[in-house]
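> Residues in the sequence shown are numbered consecutively from 1, following my numbering.
Simulated from the structure, these hints should not be mistaken for laboratory data. Treat the hints loosely; a few may be bogus.
Unchecked claim - Simulated pairs of lysine-lysine, DSS-like, Cα-Cα distance not exceeding 30 Å:
1) Lys337 / Lys157
2) Lys323 / Lys31
3) Lys284 / Lys183
4) Lys218 / Lys284
5) Lys130 / Lys91
6) Lys147 / Lys216
7) Lys369 / Lys125
8) Lys323 / Lys130
9) Lys238 / Lys130
10) Lys411 / Lys424
11) Lys369 / Lys295
12) Lys68 / Lys181
13) Lys369 / Lys479
14) Lys455 / Lys369
15) Lys157 / Lys100
16) Lys181 / Lys130
17) Lys183 / Lys126
18) Lys505 / Lys455
What the hints assert, rightly or not - Beta-carbon label-pair distances, calculated as ranges:
19) His448 / Pro195: 34 to 42 Å
20) Tyr156 / Glu331: 25 to 33 Å
21) Lys183 / Val332: 55 to 63 Å
Keep in mind the model is a prediction, meaning the values are calculated, not measured. Cβ coordinates follow ideal geometry from the N, Cα and C atoms, glycine included.
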Amino acid sequence: MNLKKSLIYFLFIAIIFSCATTKQVVKDDGKIDFTFLQLNDVYEIAPIQGGMFGGMARVETVHQDLVKENPNTMLVMAGDFLNPSLLGTIKVDGERVRGKQMVEVMNAMNFDVVAFGNHEFDVPKKDLQKRLNESNFEWISANVKLKESGNSIPFYKEKNGVKTSVGETFIKEFTDADGTKIKVGFISVCIPSNPKEYVEYGNMFVKARTSYNAIKDKVDVVFGLTHVKIVNDKRIAKLIPDLPLIMGGHEHTNSNNFVGNVQISKADANAKTVYIHRISFDKKTGKAIVTSELKEINNTIKTDARVGAIVTKWQQILKAKIKDIVAKPDEVIYNTKVPLEARDTPIRSIQTNMGAIITKAMSFGFNDKVDCALVNGGSIRIDDVLEGDINAVDIFRVLPYGGGILKVEIKGRLLKRVLDYGKKAAGTGAYLQRYNAVLQGDTWLVNHQPINIDKVYTVAFSDYLLKGFDIPFLNAKNKEVFSIYQPKSTEISYDIRKAVVSYLKSL
């Protein structure tokens, strides 16, 4: 009995000594690891390209795995998620969805912080306010403000009658197992490419530097979360060379660039890829080492059950409601043996067969009584390749914005300027998909003949182009625009999507 008591006593002493030793070993080493999971330009909550790529429920599986690897993991969005999508155009309980589905999914995924993208301002002011109020995550921007009652104020969330302003910056605190604590700061700016009456854009470069100077002494390290063109991100990197990493969006195609020591990373649109940034920070040196992985989100990744259930709910709503827009949404209207290219990078860079079909349909809508037809590549938003049987829903996904087709009489000189501008805009949404307009050497041919700058041409334009957003000098006020015909609601050209459906059915 005494021997047993002695053994228990010595075992107890050993455990206490072990714990004490462990406590002595585990101490603040001044170093900490944390992770950012970056998405940008996500318009579809469900997988795309026949289910092969993307899907927010798959992203959540990756997110949970990273949290298990390191609890100090943040999920961030570098802008553009409320619009456009086919789901966003439908009505539920008498209101357009306009990004509600995305906010619900992102809330379930526990996003930490998001940047404003230019397409957040596609939705009307009242709808954007609803999305802000519904969101459980933080929004930041230094250069976009809300115009309200003649004043410029920060955007805000309103919950239970309490308004909380969207900050120009955001701070996150991290603590690791050995007690190392740091504060991480974020700055954000948005490209001023979507002018709206309710939005005021400040100078993105001035505001980026000002917000950085305002936060840098309050935190250990600052990162960028932006939604601007890569050339703008590079300029910001030159202005603020102490940023270890800028997580950006807008281009829709993955890239990883360096300006000095500043890394600029962008993932592919619609969660085809995500960026995983594993960061080690040393408080003594103030240095951050960033190790980045571009991860493809594909059908080998399991669907998170909880987020997947929300996605399925919305997909079922879409299937039921789409009949309000298309009488026979599942009707096969065309079968293609050749894949129709509508992915973002090519549709914004080269003439594609999908672009040719859309513009031919625009001419078809006016009984081919036009000289040529033009649409901006940025209007084509499915970021996918269509193969085999195509139904009306596919076309509405290709062109979620809809909008009319205008028959416009313009001077040959202006038409040449427009075509030249579209060519130079390769890689952006202003690149023009064309029908009956071909570049031969340095000469534009319309109807197989060189453009006569003094001739008046009849051109089918998407109505968006005539608003001057992509091509500033192309608008109704230009003196070389002589007439504009706006189709009636009974004509197929009233909606570009219905024109494409009608054209494909005729083949």
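> With reference to the structure, classify each hint as holding or not holding.
Verification of the supplied hints:
Among the hinted pairs, Lys337 with Lys157 is inconsistent with the structure: their alpha-carbon atoms are about 49 Å apart, more than 30 Å. Proposed proximity of Lys323 and Lys31 is contradicted: the alpha carbons are some 57 Å apart, above 30 Å. Under the criterion of a C-alpha separation no larger than 30 Å, the hint pairing Lys284 with Lys183 is consistent with the structure, at around 14 Å. Distance restraint check for Lys218 and Lys284: the Cα-Cα separation of roughly 16 Å lies within the 30 Å cut-off, and the hinted pair is therefore satisfied.
A threshold of 30 Å between alpha carbons decides the hint, and for Lys130 with Lys91 the separation of about 15 Å falls inside it, so the pair holds. Between Lys147 and Lys216 the CA atoms are separated by roughly 28 Å; this keeps the pair inside 30 Å, and the hint holds. Pair hint Lys369 plus Lys125 does not hold up; C-alpha atoms about 39 Å apart against a cutoff of 30 Å. With a C-alpha separation of about 26 Å, the suggested pairing of Lys323 with Lys130 holds against the 30 Å cut-off.
Simply put, Lys238 and Lys130 have alpha-carbon atoms about 37 Å apart, too far for the 30 Å limit, and the pair is violated. Note on Lys411 and Lys424: the hinted pairing holds, with a Cα-Cα distance of about 20 Å set against a maximum of 30 Å. For the given pair, Lys369 sits about 48 Å from Lys295 by alpha-carbon distance, which is inconsistent with the 30 Å threshold. A threshold of 30 Å between alpha carbons decides the hint, and for Lys68 with Lys181 the separation of about 19 Å falls inside it, so the pair holds.
Simply put, Lys369 and Lys479 have alpha-carbon atoms about 23 Å apart, close enough for the 30 Å limit, and the pair holds. With a C-alpha separation of about 16 Å, the suggested pair Lys455 and Lys369 falls inside the 30 Å cut-off, and the hint holds. Our distance criterion of 30 Å between C-alpha atoms is met by Lys157 and Lys100, whose separation comes to about 15 Å. Distance hint between Lys181 and Lys130 is unfulfilled; the C-alpha atoms sit about 36 Å from each other, more than 30 Å.
Using a Cα cut-off of 30 Å, the hinted pair Lys183 and Lys126 is violated, with the two alpha carbons roughly 34 Å apart. Among the hinted pairs, Lys505 with Lys455 is inconsistent with the structure: their alpha-carbon atoms are about 34 Å apart, more than 30 Å. The hint said 34 to 42 Å for the Cβ distance between His448 and Pro195, and at roughly 38 Å that hint holds. A beta carbon spacing of about 45 Å between Tyr156 and Glu331 contradicts the range 25 to 33 Å that was offered as a hint.
In this structure the supplied range 55 to 63 Å holds for Lys183 paired with Val332, their Cβ-Cβ distance being about 57 Å.
Of the hints listed earlier, those the structure fails to meet are numbers 1, 2, 7, 9, 11, 16, 17, 18 and 20, in rising order.
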